[in-house]
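Enquirer: Residue numbers (the numbering used here), protein chains in the order written: chain A, 1 to 807; chain B, 808 to 956.
Since the hints were made in silico from the structure, they are not lab data.
Computed from a predicted structure; not experimentally measured.
Hints may be right or wrong, so weigh each one.
Now the stretches of chain B that chain A is said to cover, found in silico as 3 or more residues with beta-carbon under 8 Å [what the hints assert, rightly or not]:
#	region
1	809 to 819
2	822 to 828
Take a look, some chain B residues computed to stay more than 12 Å from chain A by CB distance [what the hints assert, rightly or not]:
#	residue
3	Q872
4	S893
5	H903
Glycine residues also receive a C-beta, built at the ideal position from the N, C-alpha and C atoms.
What follows is each chain in one-letter form.
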Amino acid sequence: MNRVIQSNLLRIATAFLLLQSIILTLAPAVKMRSLEADLRFSHWIALFVWGLLSFLIHRAIIKYLPDADPYLFPSAALLSGWGLLAIWRLDASNIGPRQALWFVVSLLILLLGLRLSSQLVFLRRYKYVLLAGALALVGLTLFFGTNPIGIGPKLWFGCCGLYFQPSEPLKLLLVAYLAAFLADRLALGGRMLATIMPAFIISNLAVLLLLFQRDLGTALIFMALYTIIIYLATGRRRAILVSVGFLALFGIAGYYFIGIVQARIDSWLHPWDDPVSGSYQIIQSLLAIANGGIEGRGSGLGSPGLIPVAGSDFIYAVIAEETGLFGTMGLLALFILIIGRGFRAALRAPDLFRRLFAAGITSYFGIQALLIVGGNIRLLPLTGVTLPFVSYGGSSLLVSYIGLLFLLHISNHLDEEPAPLQDHQPYLMVGGALMLGLFTAALTTGWWSVVRGPDLLTRVDNPRRMIEGQFVRRGALLDRSDTIITTTVGKIGELERSYKYPDLAPVIGYNHAKYGQAGLEASLDEYLRGLKGTSATSIWWNHLLYGMSPPGLDVRLTIDLYLQFRADEMMLGHSGAVVMMNAQTGEILVMSSHPTFNPNYLNEIGLNLASDPDQPLINRAAQGLYPTGSVVDPFAAALFGRQALTAEELSTLHESMGFLRPPQIQLQVAESLSRDELDHFHVSPLQMALASAALSNHGVIPAPNIASAVSVPVEGWVILPVPGTPAVAMQATPADEASSLFVEEGDNFWSHLGKASEGDTSATWFLAGTPGNWQGTPFVVVVLIEEDNERIAERIGRELIMDAMSP
Amino acid sequence: MIATVVLVLRFALSIALYVFLGWALWTLWRELDQQGKALADQKKPRISLRYKPEWGNDRVLSFQQTEIIIGRHAQCDVSLMDETLSAQHARITYHHRQWWLEDLNSTNGTSLNEHPLTTPTVIISDDEFKCGNVAFVIRIDTEETTSTQ
Chain A
1 MNRVIQSNLL RIATAFLLLQ SIILTLAPAV KMRSLEADLR FSHWIALFVW GLLSFLIHRA
61 IIKYLPDADP YLFPSAALLS GWGLLAIWRL DASNIGPRQA LWFVVSLLIL LLGLRLSSQL
121 VFLRRYKYVL LAGALALVGL TLFFGTNPIG IGPKLWFGCC GLYFQPSEPL KLLLVAYLAA
181 FLADRLALGG RMLATIMPAF IISNLAVLLL LFQRDLGTAL IFMALYTIII YLATGRRRAI
241 LVSVGFLALF GIAGYYFIGI VQARIDSWLH PWDDPVSGSY QIIQSLLAIA NGGIEGRGSG
301 LGSPGLIPVA GSDFIYAVIA EETGLFGTMG LLALFILIIG RGFRAALRAP DLFRRLFAAG
361 ITSYFGIQAL LIVGGNIRLL PLTGVTLPFV SYGGSSLLVS YIGLLFLLHI SNHLDEEPAP
421 LQDHQPYLMV GGALMLGLFT AALTTGWWSV VRGPDLLTRV DNPRRMIEGQ FVRRGALLDR
481 SDTIITTTVG KIGELERSYK YPDLAPVIGY NHAKYGQAGL EASLDEYLRG LKGTSATSIW
541 WNHLLYGMSP PGLDVRLTID LYLQFRADEM MLGHSGAVVM MNAQTGEILV MSSHPTFNPN
601 YLNEIGLNLA SDPDQPLINR AAQGLYPTGS VVDPFAAALF GRQALTAEEL STLHESMGFL
661 RPPQIQLQVA ESLSRDELDH FHVSPLQMAL ASAALSNHGV IPAPNIASAV SVPVEGWVIL
721 PVPGTPAVAM QATPADEASS LFVEEGDNFW SHLGKASEGD TSATWFLAGT PGNWQGTPFV
781 VVVLIEEDNE RIAERIGREL IMDAMSP
Chain B
808 MIATVVLVLR FALSIALYVF LGWALWTLWR ELDQQGKALA DQKKPRISLR YKPEWGNDRV
868 LSFQQTEIII GRHAQCDVSL MDETLSAQHA RITYHHRQWW LEDLNSTNGT SLNEHPLTTP
928 TVIISDDEFK CGNVAFVIRI DTEETTSTQ
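The shape of chain B in the complex, shown without the other chains (with noise of 0.2 Å):
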């Protein structure tokens, strides 16, 4: 009799254990479920950069990623074959909620409305800043900075 009550009881035993696991996975899952749709709800203003190019008109550059890096290597996501400017030049990229700009070492240096950029600076709407030789106009479309947070 003593020993099925016991039995009982080591079963109890096995499913308090896994209760504790289970309660923790499930605390980890809401948390990761939570995280994504904020991070889905979360909507970065948009941000387009005006340059003029040695020939043409001027043009402009609209982005979807947090990051861009300015370069003259194919691979940047504003590649220019400009010789003032480094392989890669500056980074703007978004974090806390704001637009930063970043000198990446390059040997011309970036310059934000005519002040040498030394450390990651955060950047407005209709900012101007050089790399090298290359001007550009910044634009960030506050319309759609809605943040569900």
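The shape of chain A in the complex, shown without the other chains (with noise of 0.2 Å):
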């Protein structure tokens, strides 16, 4: 019976991971969209060295030990061969081939191991020596140890590119220890205290010499341990009690001695008030989880190389991303199995020693992958320790390992009656509590990836939007006949970005990797991403299938090339704005800032852009506010017949204009400032062009509208909703006379020439309009210098109404 349910399990991993190669070898196909990519094929080597060794394992079981639990191997091998895919897939070069070498050394111990039948005795018999042995190992770690990485605490032993890390086998090694230790000493009687105080003593060097070397989640694993196996020989919940004031009591010391246990409790309370360095694993984890959301993106298909370290500490988050909560709902579940199957062997075991070895190995899986699971979730502080046979990590992969060994080992004395136990309570508290705990994170990966999920995804820093748009083509903005701004260029992978126009820099904004979103990239983004006009299904399908938004839709805007290009080459050299609408449909023709950048080149200079001291990252004829001064003479004629006012007549004014309220628009706009400040009131050229489009829309300010139509799939162009609402300023007899009043001789249209400083800066306005009695369509322009400089502003005034007006 047991070998057809190994044998029966063991082919449905290996169907499990056949299914994620070949899944992993198509990646990149789905990912390009077409078979033309390259596909991987490296990961079969793991996979064969997989399977081959399995087979092996499983015959030697079969052999050597024919009553050994059959689910423990599979499940393990099902396991690791998981965490070998997905450390290949993150690192194929390096990593990947590294942990399928140490998995062969792995296994091929565990198969010699398996033809072995004493090393349970030797390790009773060797306890002090070997335990011995491994802290005097772990301790010339102080002085010769070494860290992969190059950074962080010296954990390793290294030669020839290979790391070996003592304090793993150490763990085992404790417990191996402990429980040799109490079934000699229980057995003999005496006082509890007296009894495991060597133990205590001896456990707490260990701690020790491991908070001396800053591997802090291998002396908290140490110290549970500990707790668990005394308080399984013993039966005593104090033990509980006491270990857990210990903690508490160095976690508190720990908090405010040691920078790194602050650091790590900080980024597990707060992580989003630090998400760029402090708590930027543990964002990134969260991030790919909740990409992962319920199906997982699909091996290959995810972004899990985002995460620092991914390989070993974050592992769990690369597993999620990529088969999402079904694949860790199944995942926790395969660890809750060997935990159960575990403490079967252990209860049914023929001697104490090997009753609380057994447990205490089973013990020392739950708990480390509690630990590293509960970190990657924010259920706990997060602990640099791996998952046991998932995460990369030779020294911990080997220990796995050798600990399963010694279960399956354990369990295979079926036919010896087990020893009599005084209270099984204890068993069942340890194993349950494990299991809750790992139930409990499956819970908390559901709460991340489904319901705070979609929330997450659309934080500014998930990294995924601009590796989608490299990879998604994002809908262009045109002009109101159709010509090209902005663009996506490139091929699936390496699409970019391509500004056709960058002298709109202000206001078209920029959609960058690494400074974001401005502008209408930004405003717009629901539409240029495709996530806003798509149907829900279309949205819906394209998640599942790439994991990414659908193809984005065009944007067609309401400015006008022809005009914007005349506007911006005579404002070239000048500090200002220039502002023109249609006046009877709110619709912006021309909208001007300068200076100006060049978003093409962001990455060279968008370091400098922020300091720069002319701001051309601002939008001066949405954002820019500049004094009125005289320029307010022409609504003051309409309004008031005059244009000498009281104060209480200029308060009236400014809110008949609609200067006390920032227009609505598709743009950042400058907030308005309130009626008290009169003395210093400041406006932005956009209102002022709205307040100049009353004059010549018969008394009206129309809605402003910039971006008018956009282009879903099936229907074709269709009319973006305008976002504001017209508003009547004044009678249409008095607009369209004070219109006619600023009509000069010979012009066809009406202007005003205003200037005002405020203590060394000043500014000078120029406003032109169609009259009140025009036929044709109705237009404003609104010219802002920030200089004084009467000439060129009318000047650019002046061609551009006349532009407009013949055509």
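Taking the hints as your guide, dock the two standalone chains into a single complex.
Expert: So this is what it looks like as structure tokens:
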């Protein structure tokens, strides 16, 4: 029966890994959306090695340990095969083959160990020698230790490119020592405290050594294992209470005296406070889990490589991203199965040593899994321990398999009667607590991937959004006659944004991996990424297949590129803004802000832009606020019939002309000033243009609009809603009359030049617009120059309005 | 197209994982089921103890359970007010398909067929044992010993 169960489980595990490998091979084709992609094949070596060795071990178990537990090896083999493929997928050139090599070494040692049956006696007899040896080795790392990645605690011995961490076998030896010691001593009777004292001293020595080395995760595991074994052996709950007390004490002391403990606890409690440095890892881990969702992105289709040290500490997040909640629940269930079978083997063990040893090994697997999975999902503070059987790390894999070897041996003595057991409660409690912990981990993973997932993924520091930009075409921005302003170029995988008309940068903004989004690129992002305007089914299907948003939609702007070009040409060398709009519809034809920048070179110039004293990132037309001065004369004439106003009348004017509220438009605009700030009242050129439009539009301020339509699949161009509503500023007749007052000799449009200064900065305004009786399309133009220069302001304004009126 | 194929494979992958767990659970459940049946079918030979109290006739006690504790304490299965008995004096248990007698560190000791008892010992029908001064005769009904294992 055992043989059948074990071989069937291994067959299913093989099928699982085979499917995983096929998906991994095809992943590049899915990403590139064509079979022309470079398919991945190298991981099949890992699968082959896994299959061969698993088969050999299966045969050896059947032959040498026919009564051994048939669930233990297949579960462990499935876990490490899964881990091996995940690690290979992260890095096929370095850590993948390394882990495969360690896997071979581990399974060969397992194969050898299955033939020998006296290791347990050996361990029990030489417990002091072995433990002292391991402690000495760990001690030696203080002097000769190294770290494979060059920085961080030096916990490894390295030679010839291979590294070994002596604290890993120390865990197993500590368990063996404690089990042997307690099995010998408890049989003798005597006072409990005196009995456990030597073990207490030795364990604390080990913990101190690890604390000294800053290997806090391992120290924590030691304390936990020590507590559990004492509790199992004595059945005293006090052991747990004392240990938890110590842990709290150590934790609090560590928080105040050890920098790394403080950093870990802070980034656990308040990860969102510091997402770029302290909590970077944990947030990236949560983002990966969120991206996995329920069904996972598929092997090779997520971006788990974004998490630092993904292979060892964050392998759980890697698996969560690519196999989703389905996968992680299964993974945790495998650990629960191993814990259940391990404790069963412990309870059935024929003597106390083997019972404690089996329970200790199982607890070691359980605690370590719980600590690191909990750390990955922010259930517990992050401790840099490995996930047994799964994580990258040779020493950990080897020791996990040696632990498994002992469990297999212990579980093989079914014909012997189990040793008498005074109290089974502690075994039930420890096993149950570990299983409950893993169950909680599954629930928490579900919380991040399903409940919080969608929110998390919209975070701007989610690098997946920018990766998506390389694989999914972002919509283009077109001018009113469909000339391209900004588009996406390149082939899939290397798509990038190309700004064909860079002078519009302060208005259009940018979409950049490092600097994020600004301007229309930010405000129209949902259309440009196809998340608005595309059917819900299509969005869902694209997400399911590719884990990405659907192809982006093109947006047509109201900008007239010809007029825009004319404005920019004339503004060259001056600081200021030009706004030109259709006075009736509020469509913005020109929005120019100078100085500007070239977003195509954001990589090179990005850092300097923010600190540039000329502030090229500011869209002066909508975000700049300038003193008004005499520029309000035409509005005064229209509202009050004269130009000299009292303070109260001026305040009424500000209100009527819409200067007190920010315009509603698909752009970031400056907050308007309140009516109390009369002495240094400021408005933006956009507000001024809207007010001017009232004179050309029979007293009505139109609702401004810069994005007119979006090109959706099937239906084609669909008109975008205008965010604001028109407002009546004055009666039609006084508006028409006032505008005719400002028509100069020989002109067919009204115009007004105004100046204002404040301190040593001065602003020159020029307003112009079609008169009330104009039969064609009504236009207004507002020019603002940040200098005392009437000539240039007037020239720009006149040329533009004349161009617009005579197409 | 290729993405749809991979999507199907991805679901097959999840299914494979749960088939593994499902198969494991199914075999575990079957093992549990069989063990339960085996235990239910297994009939232990009925044991009864005959002893002579200070006054009156011999008394025969029959038991259903697999563990019988003899002593002076009120919670013992055979609770007798005899000063030569310890609170928990001796234990009779059924395991390894045998009934066993074991002394529980009693003050006055237990003897089986006139020999002092030091280790747990297999007992058969018509064996006699004494706890302190109280003598018992064992009767095991072998007819009911049917094993279906």
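Enquirer: The output says S893 of chain B does not contact chain A. Does that hold with a beta carbon cutoff of 12 Å?
Expert: The claim holds: S893 of chain B sits with its nearest Cβ about 19 Å from chain A, beyond 12 Å.
Enquirer: Taking the closest pair, is the beta carbon of H903 of chain B still more than 12 Å from chain A?
Expert: It is violated; H903 of chain B is separated from chain A by about 7 Å at its closest Cβ, not greater than 12 Å.
Enquirer: Mind verifying the non-interface call on Q872 of chain B? Its CB should be farther than 12 Å from each CB in chain A.
Expert: At roughly 17 Å from the nearest Cβ of chain A, Q872 of chain B sits farther out than 12 Å, so the non-interface label holds.
Enquirer: Given as covered by chain A, does the region 809 to 819 of chain B meet the bar of three residues or more with CB within less than 8 Å?
Expert: With 10 residues close enough to chain A, the hint holds.
Enquirer: Take the region 822 to 828 of chain B, compare each residue's beta carbon with every beta carbon of chain A, and decide whether three or more fall closer than 8 Å.
Expert: holds (count 6)
Hint violations for this structure: number 5 only, all remaining hints satisfied.
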